[in-house]
Amino acid sequence: MTDHSPTQDSSFQTEALIAEDIDAYLDQHQHKSLLRFITCGSVDDGKSTLIGRLLFDSKMIFEDQLAALHSDSQKHGTQGEEIDFALLVDGLAAEREQGITIDVAYRFFTTEKRKFIVADTPGHEQYTRNMVTGASTADLAVILVDARKGILEQTKRHSFLVHLLGIKHLVLAVNKMDLVDYDQATFDAIVADYTSFADEIGIERFTAIPISGFKGDNITAAPSGAASPNTPWYNGPALIDHLETVEIANFAAQARSFRMPVQWVNRPNLDFRGFAGLITDGAIKPGDPVRVVPAGKTSTVKSIATFDGDLDEAVAGQSVTLTLADEVDCSRGDVIALAEDPPEASDQFETTIVWMSDEALKPGRAYWLKLGSQMVSATVAEPKYEICVNTFEHLAAKTLELNGIGVAELRTDKPIVFEAYAKSRQLGGFILIDKFTNATVGAGLIHFSLRRAQNVHWQPTTITRDDHAALKNQKPLLLWFTGLSGSGKSTIANAVEQRLNLMNRHTFLLDGDNVRHGLNKDLGFTETDRIENIRRVGEVAKLMTDAGLIVLTAFISPFRVERQLVRDMIPDGEFVEVFVDTPLEVAEQRDVKGLYKKARSGELKNFTGIDSPYEEPENAEIRVNTVEMTVEQAADHIIAQIMPLK
Amino acid sequence: MRQLTHLERLEAESIHIFREVVAEAENPVMLYSVGKDSSVMLHLARKAFYPSPPPFPMLHVASGWDFKALLDHRDKTVAEYNLELIVAQNEDAEEQGVNPFDTGSALYSQAQLTDPLKKALTKHGFDAAFGGGRRDEEKARAKERVFSFRTASHRWDPKNQRPELWNLYNAKKNKDESIRVFPISNWTELDIWQYIALEKIDIVPLYMSSPRPTVERDGLILVVDDDRFRLEDGEEPVERSVRFRTLGCYPLTGATESDATDMSTIIQEMLLATGSERQGRAIDKGQSASMEDKKQEGYF
Chain A
254 MTDHSPTQDS SFQTEALIAE DIDAYLDQHQ HKSLLRFITC GSVDDGKSTL
304 IGRLLFDSKM IFEDQLAALH SDSQKHGTQG EEIDFALLVD GLAAEREQGI
354 TIDVAYRFFT TEKRKFIVAD TPGHEQYTRN MVTGASTADL AVILVDARKG
404 ILEQTKRHSF LVHLLGIKHL VLAVNKMDLV DYDQATFDAI VADYTSFADE
454 IGIERFTAIP ISGFKGDNIT AAPSGAASPN TPWYNGPALI DHLETVEIAN
504 FAAQARSFRM PVQWVNRPNL DFRGFAGLIT DGAIKPGDPV RVVPAGKTST
554 VKSIATFDGD LDEAVAGQSV TLTLADEVDC SRGDVIALAE DPPEASDQFE
604 TTIVWMSDEA LKPGRAYWLK LGSQMVSATV AEPKYEICVN TFEHLAAKTL
654 ELNGIGVAEL RTDKPIVFEA YAKSRQLGGF ILIDKFTNAT VGAGLIHFSL
704 RRAQNVHWQP TTITRDDHAA LKNQKPLLLW FTGLSGSGKS TIANAVEQRL
754 NLMNRHTFLL DGDNVRHGLN KDLGFTETDR IENIRRVGEV AKLMTDAGLI
804 VLTAFISPFR VERQLVRDMI PDGEFVEVFV DTPLEVAEQR DVKGLYKKAR
854 SGELKNFTGI DSPYEEPENA EIRVNTVEMT VEQAADHIIA QIMPLK
Chain B
2 MRQLTHLERL EAESIHIFRE VVAEAENPVM LYSVGKDSSV MLHLARKAFY
52 PSPPPFPMLH VASGWDFKAL LDHRDKTVAE YNLELIVAQN EDAEEQGVNP
102 FDTGSALYSQ AQLTDPLKKA LTKHGFDAAF GGGRRDEEKA RAKERVFSFR
152 TASHRWDPKN QRPELWNLYN AKKNKDESIR VFPISNWTEL DIWQYIALEK
202 IDIVPLYMSS PRPTVERDGL ILVVDDDRFR LEDGEEPVER SVRFRTLGCY
252 PLTGATESDA TDMSTIIQEM LLATGSERQG RAIDKGQSAS MEDKKQEGYF
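If you read the sequences in order, they're chains A and B.
Numbering-wise, the first sequence is residues 254 to 899 according to this note's numbering.
Numbering-wise, the second sequence is residues 2 to 301 according to this note's numbering.
Treat each hint with caution, since some may be false.
DMTMM-like mimics (lysine to aspartate or glutamate), calculated; alpha carbons at most 25 Å apart, straight line [as the list claims (entries may be wrong)]:
hint: 1; chain 1: A; residue 1: Lys688; chain 2: B; residue 2: Asp263
hint: 2; chain 1: A; residue 1: Lys846; chain 2: A; residue 2: Glu856
hint: 3; chain 1: A; residue 1: Lys285; chain 2: B; residue 2: Glu9
hint: 4; chain 1: A; residue 1: Lys538; chain 2: B; residue 2: Glu200
hint: 5; chain 1: B; residue 1: Lys174; chain 2: A; residue 2: Glu612
hint: 6; chain 1: A; residue 1: Lys538; chain 2: B; residue 2: Glu27
hint: 7; chain 1: A; residue 1: Lys688; chain 2: A; residue 2: Asp766
hint: 8; chain 1: A; residue 1: Lys858; chain 2: A; residue 2: Asp799
hint: 9; chain 1: A; residue 1: Lys555; chain 2: A; residue 2: Asp524
hint: 10; chain 1: B; residue 1: Lys174; chain 2: A; residue 2: Asp274
hint: 11; chain 1: A; residue 1: Lys366; chain 2: B; residue 2: Asp203
hint: 12; chain 1: B; residue 1: Lys173; chain 2: A; residue 2: Asp600
hint: 13; chain 1: B; residue 1: Lys48; chain 2: A; residue 2: Asp565
hint: 14; chain 1: B; residue 1: Lys173; chain 2: A; residue 2: Asp524
hint: 15; chain 1: A; residue 1: Lys555; chain 2: B; residue 2: Glu9
hint: 16; chain 1: A; residue 1: Lys409; chain 2: B; residue 2: Glu165
hint: 17; chain 1: A; residue 1: Lys550; chain 2: A; residue 2: Asp561
hint: 18; chain 1: B; residue 1: Lys201; chain 2: A; residue 2: Asp563
hint: 19; chain 1: A; residue 1: Lys421; chain 2: B; residue 2: Glu165
hint: 20; chain 1: B; residue 1: Lys69; chain 2: B; residue 2: Glu27
hint: 21; chain 1: A; residue 1: Lys366; chain 2: B; residue 2: Glu270
hint: 22; chain 1: B; residue 1: Lys77; chain 2: A; residue 2: Glu838
hint: 23; chain 1: B; residue 1: Lys201; chain 2: A; residue 2: Asp666
hint: 24; chain 1: B; residue 1: Lys48; chain 2: A; residue 2: Asp524
hint: 25; chain 1: A; residue 1: Lys688; chain 2: B; residue 2: Glu27
hint: 26; chain 1: B; residue 1: Lys201; chain 2: A; residue 2: Asp821
hint: 27; chain 1: B; residue 1: Lys77; chain 2: B; residue 2: Glu165
hint: 28; chain 1: B; residue 1: Lys201; chain 2: A; residue 2: Asp611
hint: 29; chain 1: A; residue 1: Lys285; chain 2: B; residue 2: Asp177
hint: 30; chain 1: A; residue 1: Lys850; chain 2: A; residue 2: Glu838
hint: 31; chain 1: B; residue 1: Lys173; chain 2: A; residue 2: Asp276
hint: 32; chain 1: B; residue 1: Lys201; chain 2: A; residue 2: Asp274
hint: 33; chain 1: A; residue 1: Lys676; chain 2: B; residue 2: Glu270
hint: 34; chain 1: B; residue 1: Lys176; chain 2: A; residue 2: Glu273
hint: 35; chain 1: A; residue 1: Lys285; chain 2: B; residue 2: Glu96
hint: 36; chain 1: A; residue 1: Lys366; chain 2: B; residue 2: Glu138
hint: 37; chain 1: A; residue 1: Lys421; chain 2: B; residue 2: Glu27
hint: 38; chain 1: B; residue 1: Lys48; chain 2: A; residue 2: Asp561
hint: 39; chain 1: B; residue 1: Lys201; chain 2: A; residue 2: Glu365
Keep in mind the hints are simulated off the structure, nothing from the lab.
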């Protein structure tokens, strides 16, 4: 078998151009586009050899590096007398001795048409983290398979991960074809095998290429475009030719609606106020109407200011500084977007999380979340399930360990601007940071918001909540009464409202039972419905405080997290949690509505205090003990707390 | 719809990195070696914050054996762009008997470059320092993150790097930790030269060929930049047309014979060359893992 290396021809051509007409070469090079790709494969699939080959063929290896390679090949090489290309790319000393790559390394090479950045990531199981990292910036993935071994568990795992990270272009590189005598049947069987697997996990398309990284078959095409003479049965593109022509993800991003996360506000003097950022999606021109989200104010672009002068247009992938026609509030973390199609903001999401730390995920614990230029505090719920990366089964999970991947709900302490990851990587991908060690412990993909009002944008109004309150001559408040059924919440709230009314205060009492007759009559008593019940009451109460009212609510609201949810909706100092503290046996003894009896007999399910927990407030603003106090005393106590005598 | 060129994409990425650091770090600084990579970095920094000047000072670690033309270029640039310059230098070199002729290369770079750098970073309390490292330079660099964390003693732990996904950089650091940030990580030597040509960036004239007094020693052509250069017995400086691909301390940096006096021919020579740019540097010689060892000790 002859050593086929057509690549030499094209590299000689380039060299001739450089020697004869350097300016023509530079002009050509200057107009090259950039493709980032990732190579994935098992330890023995010949991945490093392939990358070494790409670097070698594109003349990215100098003689002194080659000399070091020769001496290293003698010392650690696995290819006998031949040059071991793998040694060229295995970076760290410790790795070289073990003969495996254990981290993400980035390599560069260039051809006549494109410049390439290759993320080289290891194949073995414990390094899912590195693969996900490498895949996050890639436009394309090369999945390497050893022709002698076919599709392995690892092949499937890698394919799953690059698919998860949203890589649209997949290349199945069936390597080491020289070791199976360039047998077509072997290649076809592997492709058929992979096709059925791809269907299974939702990969729509892939390109299969028979190659030999070691010998050079189908790495680059002959000038005639023909495949390697060793694989006359193959009609598709050579690897490099495919890499040179595949569409770059940035191109698709330009077609979407404009978005630019603001990184930094540039204010050199009083006359200039610019918003600096990298455009993630779409294009922008001076005069285009934009909206600053999450606040929702609109303006138009005045100029696209750059060091090289104002631009007429800027597109996704460019770092620019925008000035706006109006003085609008806008700072780091905000997103400037196309006015008529802005992204949503939300604080509850369904996400996929990839865990990257030795210390397992702690559901409920607060982590920093960074998305675009937004940094907020976030908590992750117990995963709904973990995905086994080998079988893709959904497994029950209470947490995620290092390299674990799971689907979980996530909540942030304030709304963040986002897009579904499937739509935008830059506005749908986030990292989680441990608040104590500051390490990056996880990465996540947003699927959708759990909030319903997804596409509604806040309409700024002229009369503000302060105006409403000023007219009523009072400070809006939300008195949130919580306690067991029968503790006396409604009775006491009613007595408090009567007193406030006598004091000429504008009030409204939202009672649990009453609300369930109207606004919330579609809700039952499952945990989900109870959470939604409280959420709606919180939103209604918020609108009423915006209108300047003192709102009283009487709901069992047994869970701390929901009460916290409402607290977070209301401006600081206006949420007053009133804990109506009545021991269970006292409340059960009173049993005004006969509910405890029904619950005890099993007639009522999910009854707080019986078969569903009540989480007592830890830091309620006001606590009234109904065993020691009468209703009148309790009401007087509350009034004294909220309306101190001047 | 517009296909961005690879240089446009690299430029946008570097600018994004500069802005992230300025938004999140408290007291950033840029390591300014005055070489071609530093010149590109400075240009990118000026673009990132335009019309404001770069909101951080430049730190130059001078070994005391720098080319005169390099120092001139530094002072000219600083004045022209109105930059704040801090020069770090080992003031006790003479007393310690450290010089590029008698001191071994490891000890020399430690005493003249690494130690003054660490001292300056600590003294001024810089929590983030931009450096011009590129991943194509060397195998150890290929695996370094854009945001690379250093312990209080400025050491690098290659086994404990933070994953970097998408374009999200985690700049949160522990007390006493500092960050080395490499905004041009993804640029290659060719990209750097091409960008210099395209953007007409002013660089030290030493990169261009010119007749210079030289001696040949251990396979390196050295330029006799001033009269401190210790000539060996029988050594006579010879005038040769030479230029540099990389700049270090003049008695340790090899020049190449060349007639290239403009950008196109420099790039042509670079592309047709058979040696990598670090070949001219005495510091990288020795075992091939040596850069990694140096990085762990705090070398940039």
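Checked hints:
Our distance criterion of 25 Å between C-alpha atoms is broken by Lys688/A and Asp263/B, whose separation comes to about 52 Å. Proposed proximity of Lys846/A and Glu856/A is supported: the alpha carbons are some 14 Å apart, at most 25 Å. Taking the CA atoms of Lys285/A and Glu9/B, the gap is about 10 Å. The hint holds against a cut of 25 Å. Simply put, Lys538/A and Glu200/B have alpha-carbon atoms about 24 Å apart, close enough for the 25 Å limit, and the pair holds.
Restraint check: the Cα-Cα separation between Lys174/B and Glu612/A comes to about 18 Å, which is no more than 25 Å; the hinted pair holds. For the given pair, Lys538/A sits about 34 Å from Glu27/B by alpha-carbon distance, which is inconsistent with the 25 Å threshold. Distance check on the hinted pair: Lys688/A and Asp766/A sit about 41 Å apart at the alpha-carbon level, beyond 25 Å; violated. Between Lys858/A and Asp799/A, the direct Cα distance comes to roughly 36 Å. Violation of the 25 Å bound is thereby established for this hinted pair.
The suggested pairing of Lys555/A with Asp524/A holds, with an alpha-carbon distance near 13 Å, which does not exceed 25 Å. Note on Lys174/B and Asp274/A: the hinted pairing is violated, with a Cα-Cα distance of about 50 Å set against a maximum of 25 Å. A C-alpha spacing of about 29 Å is found between Lys366/A and Asp203/B, which places the hinted pair above 25 Å, so the restraint is violated. Restraint check for Lys173/B and Asp600/A: satisfied, since their Cα atoms lie roughly 23 Å apart, inside the 25 Å limit.
Restraint check: the Cα-Cα separation between Lys48/B and Asp565/A comes to about 17 Å, which is no more than 25 Å; the hinted pair holds. For the proposed pair Lys173/B and Asp524/A, the alpha carbon gap of about 33 Å is over 25 Å, so the pair is violated. The suggested pairing of Lys555/A with Glu9/B holds, with an alpha-carbon distance near 23 Å, which does not exceed 25 Å. As the CA atoms of Lys409/A and Glu165/B are separated by approximately 24 Å, the hinted pair is consistent with the 25 Å bound.
Taking the CA atoms of Lys550/A and Asp561/A, the gap is about 29 Å. The hint is violated against a cut of 25 Å. For the given pair, Lys201/B sits about 19 Å from Asp563/A by alpha-carbon distance, which is consistent with the 25 Å threshold. Simply put, Lys421/A and Glu165/B have alpha-carbon atoms about 21 Å apart, close enough for the 25 Å limit, and the pair holds. Between the alpha carbons of Lys69/B and Glu27/B the distance comes to roughly 34 Å, so the proposed pair goes past 25 Å and is violated.
Between Lys366/A and Glu270/B, the direct Cα distance comes to roughly 21 Å. Compliance with the 25 Å bound is thereby established for this hinted pair. Of the pairs offered as hints, the one joining Lys77/B and Glu838/A is violated, with about 85 Å between alpha carbons and a cut-off of 25 Å exceeded. Simply put, Lys201/B and Asp666/A have alpha-carbon atoms about 48 Å apart, too far for the 25 Å limit, and the pair is violated. Restraint check for Lys48/B and Asp524/A: the C-alpha separation of about 19 Å stays at or below 25 Å, so the hint holds.
Distance restraint check for Lys688/A and Glu27/B: the Cα-Cα separation of roughly 18 Å lies within the 25 Å cut-off, and the hinted pair is therefore satisfied. Of the pairs offered as hints, the one joining Lys201/B and Asp821/A is violated, with about 54 Å between alpha carbons and a cut-off of 25 Å exceeded. Restraint check for Lys77/B and Glu165/B: not satisfied, since their Cα atoms lie roughly 37 Å apart, outside the 25 Å limit. Between Lys201/B and Asp611/A the CA atoms are separated by roughly 48 Å; this puts the pair beyond 25 Å, and the hint is violated.
Proximity of Lys285/A to Asp177/B is assessed by CA-CA distance (about 43 Å); at most 25 Å being required, the pair is judged violated. For the hint linking Lys850/A to Glu838/A, the alpha-carbon distance of about 12 Å falls within 25 Å, and the restraint holds. Only pairs whose Cα atoms come within 25 Å are accepted, and Lys173/B paired with Asp276/A is rejected, the gap being roughly 45 Å. With a C-alpha separation of about 20 Å, the suggested pairing of Lys201/B with Asp274/A holds against the 25 Å cut-off.
The hinted pair formed by Lys676/A and Glu270/B fails the criterion: a straight-line CA distance of about 45 Å is larger than 25 Å. A hinted pair counts as satisfied when its Cα atoms are at most 25 Å apart, and Lys176/B with Glu273/A does not qualify at roughly 56 Å. At roughly 53 Å between alpha-carbon atoms, Lys285/A and Glu96/B are farther apart than 25 Å, so this suggested pair is violated. Proximity of Lys366/A to Glu138/B is assessed by CA-CA distance (about 23 Å); at most 25 Å being required, the pair is judged to hold.
A C-alpha spacing of about 39 Å is found between Lys421/A and Glu27/B, which places the hinted pair above 25 Å, so the restraint is violated. Distance hint between Lys48/B and Asp561/A is fulfilled; the C-alpha atoms sit about 8 Å from each other, no more than 25 Å. Distance restraint check for Lys201/B and Glu365/A: the Cα-Cα separation of roughly 24 Å lies within the 25 Å cut-off, and the hinted pair is therefore satisfied.
Hints 1, 6, 7, 8, 10, 11, 14, 17, 20, 22, 23, 26, 27, 28, 29, 31, 33, 34, 35 and 37 from the list above are not met by this structure, while the remaining hints are.
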